Amino acid sequence: MATVEVRDLRKRYQDFLALDGVSLKAETGQLVTLLGPSGCGKSTTLRCLAGFLEANGGEITVDGESILGTPANRRGFGVVFQNYALFPHMTVAENIGYGLKIQKLPKSEIETRVYDAMKLVRLDGLGDRLPRAISGGQQQRVALARALVLKPKLLLLDEPLANLDARLRDEVRWLIRDLQQQSGITAFYVTHDQSEAMAMSDMVAVMKAGRVAQFATPREIYQKPTERYVADFTGEANFIPCQSVTPQGEGRYAITAAGATLELEGVPGITGPAELLLRPEALSLTAPEAGTFKGTVTKSAFLGAALHCEITLPDGSMLKLAAEPNHKVRTGEVVGIAIDNSHAWLMPEVAP
Amino acid sequence: MSEMTNTFGHQKTMNIGFGVLIVLLYVFLMAPLVMIVGASFTESLMIEFPPQGLSFRWYFEFFNRQDLVDGLLMSLRIGAVTAIVTMSVAMMAAMAGQVIAGRLSGWFQLGMTLPLLVPELLTAVGLLFFLYKIEMAKTVLGLQMGHILMSFPYAYVSIAAAMRQVPHSLEEASQSLGANGWQTFRLVILPLVMPGLAMGGIFAFINSFDLYTISLLLKPLGGNTLPLALFDFLTYEFKPTAAAAATLSILLSIAGVALVQRLVGLQRAF
Ligand SMILES: Nc1ncnc2c1ncn2[C@@H]1O[C@H](COP(=O)(O)OP(=O)(O)OP(=O)(O)O)[C@@H](O)[C@H]1O
Ligand SMILES: [Mg+2]
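These protein sequences, in sequence, are chains V and D. Position one of the first sequence corresponds to residue 1 (the UniProt record's numbering), numbered consecutively onward. Position one of the second sequence corresponds to residue 1 (the UniProt record's numbering), numbered consecutively onward.
Don't read these hints as lab results, they were simulated from the structure. Since this is a predicted model, take the numbers as computed values, not measurements. No residue lacks a Cβ here, since even glycine has one placed at the ideal position from N, Cα and C. There may be inaccurate statements among the hints.
To be verified - Reference listing, derived: stretches of chain V covered by chain D, where coverage requires no fewer than 3 residues with Cβ under 8 angstroms from a Cβ of chain D:
| no. | region |
| --- | --- |
| 1 | 64–76 |
| 2 | 87–94 |
Said to hold, decoys possible - The calculated label-pair distances, taken between Cβ atoms and stated as ranges, are:
| no. | chain 1 | residue 1 | chain 2 | residue 2 | range |
| --- | --- | --- | --- | --- | --- |
| 3 | D | 190 | V | 163 | 25 to 31 angstroms |
| 4 | V | 182 | D | 164 | 38 to 44 angstroms |
| 5 | V | 312 | D | 167 | 49 to 55 angstroms |
| 6 | V | 199 | D | 181 | 37 to 43 angstroms |
| 7 | V | 106 | D | 164 | 35 to 41 angstroms |
Said to hold, decoys possible - Which stretches of chain D does chain V cover? Using the computed rule of at least three CB atoms under 8 angstroms from a CB of chain V, they are:
| no. | region |
| --- | --- |
| 8 | 167–181 |
| 9 | 188–199 |
Model the full structure from these sequences, guided by the hints.
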């Protein structure tokens, strides 16, 4: 329905630069997640898209046409707020029908469309309640229905699940994803929960202090991050500094790190200092002579499904890994660590 | 254990003391009202308490006195216009106050309540000079302006408070659903601030109804508000007619307060 492109977006609050050149792209029907820690500019980006904020520079286009001059009420985007922003003096049905009423549609059509929308988000029978008389999860679904009933070109969601408890969060998350995919609406979704971002997005933009640190698929973000910041934000990660890096062409490198030599893939074009990324699932315990690395077990904890170990390497860096639960390890023991090379990744050292 | 009963007993005496204090306070506040209302029903020719007998003759007397009735009508008319004008202007000011951010916001709030901070007499004198300059001194319109000025802060404070209760995200939600500024105002903001708005209007009306000093300086030639007419009346005659007039204004205020109570109740319902 709509391809949305954000190019070099800048936004300044008084003397604070909140967005410093944000670029993103959402193809028709894609769900793009803005992921990042508090204060990195996720909401600001979304509010520029919605038209609630005026950007200080850059461009936003929908299907190739700039929308920066279009006021929020004529953009035709659906917005779902973290605090739901339901109209407290209107019933559930009136809330959902608000946009249709603004469009001056005939009463009968409003009624049927509101009815259908309520059914879609499983709110049947609650139409006459006021927002304060329904639960948080139901309120969030009203907010969703209110936006979707207008068949928006673009759906913008700012941490829509933040106020829900864990179980409801899971339920509403899949509802959002299902509805978004069924209707093929392009969507931007703000969250600081990496598992949420991984699970439901087509593309993820990891934001860092007003910029996009990496914009890629969830798989790439997780397996091939461009810098430590991204790797850290998307899950458990081990980092080992490299002593030497020799490019082998096409994003392949031969490196020495913590006394071992190995060949692996990495971010293309690394010239300066680099570090090795090893996700815990890329590592397994072996005999001291068989592993790529050799190290001393400094901590181990039985977690049921796995044995969580921390191992200190000769160069002082530490590796966390999840071993097979019945593996016998003792603290102080010297062990070998085998690496699944396809899960190892080389990144340039970038200031965090 | 004994210590506990001790503190308990101590608290009890304190509670009794506190209760007595509150009763005294109420007596102090209510005594003049009780006296004046009581005196209005007397049969005697003097304002006195306790009243002699029970009659409504002073109420008839009041409605037969052209000067007092004229004063009442003038006060009602000016009060009504004051309420309507302050409500709409204060509504706009409160909306502007919402948009102004940062340090400026505090100054704006202060500015809006300035007429409360300057002594009424000084405001009246200043306004009188100003009205002479624009050749509107001693006109009903001039008096009306004075009342609006003095009552505006009450309406503003009440409306601005109601406005702050409306989250900004509601306006944004309305916009994103296609509503323009006017539709958002009419369908979302106005219904939500209505109790505060009505309260502001009632406060402005009651305040205008009670204003004395500014009316004294700005009153039009040959025209009087009720408080002025009553004062003139009392200077020459000390008859219970004045008590009847006072009782009528008290009734009006009580009606206003009751209405406010109802509206506050309504507001809580949201
Ligand atoms: N109205 C404002 N005035 C000044 N600074 C602001 C304003 N709104 C946001 N900021 C600042 O801009 C930065 C980005 O804010 P933004 O709300 O986009 O963060 P966010 O990524 O959504 O964070 P969160 O996860 O906490 O919601 C923050 O450092 C914030 O302090
Ligand atoms: Mg935010």
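Evaluation of the provided hints:
1. 64–76: holds (count 6)
2. 87–94: Holds: 3 residues of the region 87–94 of chain V have a Cβ under 8 angstroms from chain D.
3. D/190 with V/163: 25 to 31 angstroms: holds, 28 angstroms
4. V/182 with D/164: 38 to 44 angstroms: holds, 40 angstroms
5. V/312 with D/167: 49 to 55 angstroms: Given a distance of about 52 angstroms, which is inside 49 to 55 angstroms, the answer is holds.
6. V/199 with D/181: 37 to 43 angstroms: holds, 39 angstroms
7. V/106 with D/164: 35 to 41 angstroms: holds, 37 angstroms
8. 167–181: Coverage by chain V holds for the region 167–181 of chain D (12 residues, Cβ < 8 angstroms).
9. 188–199: holds (count 3)
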